[in-house]
Amino acid sequence: MSKLKLNPELVFREDNDGGLIFDPATGDVQVLNETAAFICTLLDGTRSAEEIVAEVLEEFEVEDPAAAHADAAQFIESLLSRSMAMPA
Amino acid sequence: MPTEPRRVPPLNTIYYYVTGSCNLRCRHCWIDPVTESQRSTLHLPWRALKPVFEQAKELGLRCVKLTGGEPFLHPDILEILADLPAMGLGVRMETNGTLIGEREAKALKAANADFSISLDGPTPEIHDDLRNVPGSFEKTLKGMAACRAEGLRFQAICSLYRRNAELLPGMPAFAAGHGATSLKVNVITSMGRSDEMRAHGELLSLPEVLEVRSRMPQTGNGFKLFFDLPPALLPLRDIVRNGVGTCGILGILGVLHNGHAGLCGIGEHLPELDFGDLRQVSIKQVWETHPTLVTLREKLPAGLGGICGRCIFRNACLGKCVANTFHAIGKLYGAFSTCAEAEELGLFPEKYIVEHHNVVA
Numbered sequence: 099m100s101k102l103k104l105n106p107e108l109v110f111r112e113d114n115d116g117g118l119i120f121d122p123a124t125g126d127v128q129v130l131n132e133t134a135a136f137i138c139t140l141l142d143g144t145r146s147a148e149e150i151v152a153e154v155l156e157e158f159e160v161e162d163p164a165a166a167h168a169d170a171a172q173f174i175e176s177l178l179s180r181s182m183a184m185p186a
Numbered sequence: 040m041p042t043e044p045r046r047v048p049p050l051n052t053i054y055y056y057v058t059g060s061c062n063l064r065c066r067h068c069w070i071d072p073v074t075e076s077q078r079s080t081l082h083l084p085w086r087a088l089k090p091v092f093e094q095a096k097e098l099g100l101r102c103v104k105l106t107g108g109e110p111f112l113h114p115d116i117l118e119i120l121a122d123l124p125a126m127g128l129g130v131r132m133e134t135n136g137t138l139i140g141e142r143e144a145k146a147l148k149a150a151n152a153d154f155s156i157s158l159d160g161p162t163p164e165i166h167d168d169l170r171n172v173p174g175s176f177e178k179t180l181k182g183m184a185a186c187r188a189e190g191l192r193f194q195a196i197c198s199l200y201r202r203n204a205e206l207l208p209g210m211p212a213f214a215a216g217h218g219a220t221s222l223k224v225n226v227i228t229s230m231g232r233s234d235e236m237r238a239h240g241e242l243l244s245l246p247e248v249l250e251v252r253s254r255m256p257q258t259g260n261g262f263k264l265f266f267d268l269p270p271a272l273l274p275l276r277d278i279v280r281n282g283v284g285t286c287g288i289l290g291i292l293g294v295l296h297n298g299h300a301g302l303c304g305i306g307e308h309l310p311e312l313d314f315g316d317l318r319q320v321s322i323k324q325v326w327e328t329h330p331t332l333v334t335l336r337e338k339l340p341a342g343l344g345g346i347c348g349r350c351i352f353r354n355a356c357l358g359k360c361v362a363n364t365f366h367a368i369g370k371l372y373g374a375f376s377t378c379a380e381a382e383e384l385g386l387f388p389e390k391y392i393v394e395h396h397n398v399v400a
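So the sequences go chain by chain: A and B.
Just so we're aligned, residue 99 is where the first sequence starts under the numbering used here, counting upward by one.
Just so we're aligned, residue 40 is where the second sequence starts under the numbering used here, counting upward by one.
Hint data in this document are derived by calculation from the structure and do not stem from the laboratory.
One thing to keep in mind: the hints can contain errors.
Computed footprint of chain A on chain B, listed as stretches where at least three residues anywhere in the stretch have a Cβ under 8 Å from a Cβ of chain A [unchecked claim]: (1) 142 to 155; (2) 268 to 278; (3) 389 to 397.
Derived CB-CB ranges, DEER-like [unchecked claim]: (4) B:T258 to A:Q172: 27 to 33 Å; (5) A:E107 to B:G190: 25 to 31 Å; (6) B:R202 to A:A164: 52 to 58 Å; (7) A:M99 to B:E394: 33 to 39 Å; (8) A:M184 to B:D267: 53 to 59 Å; (9) B:P388 to A:S146: 29 to 35 Å.
Here a beta-carbon is modelled for each residue, glycine too, at the ideal position from N, C-alpha and C.
The task is simple: from the sequences and hints, build the whole structure.
Structure, rendered in structure tokens:
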């Protein structure tokens with residue numbers, strides 16, 4: 099399973115409350131909640147999508163693990179589909 | 040390389056400065072209206088301006104924000120509130136609330152209006168000090184009660200200055216207790232009448248404002264808090280919760296109480312931002328061809344200067360308020376004064392400074 103990384107042309111900023119992904123080419127900025135920002139920190143080329151989702155479930159206390167799993171996987175998929183993330 | 044002219048965007052919203060008069064004498068007002076006794080000269084009959092709004096629908100108009108002065112001083116205000124929804128337009132309003140009784144609350148309800156009421160503190164001493172008319176606090180609370188009785192949702196707006204800073208953290212609960220569903224905190228900056236407040240040390244410095252923001256409580260039960268600072272100076276949790284707050288300036292036009300078009304109400308005071316009398320020139324012509332608006336479309340956001348041109352939020356914030364910047368430095372595309380001050384003081388977050396590829400000189 100391929101390891102994933104953030105598109106290196108994008109700028110990622112984070113703090114404890116969330117994060118931002120900035121595209122210098124368009125000037126667009128996407129606001130990320132705490133979980134989405136955590137996922138982006140893991141997109142460093144050393145983990146697959148499944149490994150990232152597993153780490154998210156470990157990091158956050160969730161009431162519905164199945165729903166959280168689906169949400170995290172969907173977010174990663176949305177990054178891939180918009181070329182904001184890619185195989186390392 | 041010359042840039043291609045931008046297409047004309049839809050005119051989404053008109054800020055209609057219904058009247059140039061007010062029943063209060065707020066010491067921080069940037070519009071600087073005259074007192075109520077002169078009000079007969081400070082509005083046009085609705086029938087004189089209604090055709091302008093009908094024409095504007097062809098330009099994409101969807102919403103009208105009624106402001107002033109105090110909108111409820113206009114003798115046709117109930118007719119305006121009835122006509123706009125009948126024309127298929129959304130209604131927003133900014134009011135001091137002192138003139139809202141059962142009839143006005145019912146009119147707001149029938150218009151499905153999205154409106155805000157000014158409330159500057161939890162005591163008459165503070166509210167009336169800023170509003171500069173004794174008894175306005177009680178009248179405002181009565182207005183809020185009339186809205187509650189009709190089951191209306193509204194926002195309270197609190198203008199922050201030195202005297203109410205200590206009590207601000209208690210304002211969300213106080214406003215909620217009087218029926219508000221959200222609180223917006225406007226930081227008073229030096230503009231219009233508030234120049235005098237600055238001279239007397241009544242305005243907070245930027246570090247003081249940020250300190251007050253840091254003391255604001257988390258709100259719950261669906262009550263929202265909006266602190267009107269540029270996004271780069273807000274905690275990221277505010278942005279995650281409320282969004283970046285994209286500026287709508289490229290789809291907004293001001294219609295002043297005298298029938299003139301302007302960038303916003305500031306057109307009344309700065310001739311450069313008065314776009315002409317809409318009874319003599321069509322709103323279509325103003326919107327599509329006025330040189331200031333054409334240039335605005337070319338320059339925003341890629342032509343923003345100073346720290347705003349290097350900010351990660353440039354495209355959403357659009358320089359926060361170009362009219363305020365024009366007032367401060369005489370040009371529309373410079374850095375917003377609060378952000379420029381933050382940079383000068385070392386308070387602008389480094390992590391939000393980026394390099395944009397798309398820049399217009």
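Here is what the structure says about each hint:
no.	hint	result
1	142 to 155	violated (count 0)
2	268 to 278	holds (count 4)
3	389 to 397	holds (count 7)
4	B:T258 to A:Q172: 27 to 33 Å	29 Å, holds
5	A:E107 to B:G190: 25 to 31 Å	51 Å, violated
6	B:R202 to A:A164: 52 to 58 Å	53 Å, holds
7	A:M99 to B:E394: 33 to 39 Å	34 Å, holds
8	A:M184 to B:D267: 53 to 59 Å	38 Å, violated
9	B:P388 to A:S146: 29 to 35 Å	33 Å, holds
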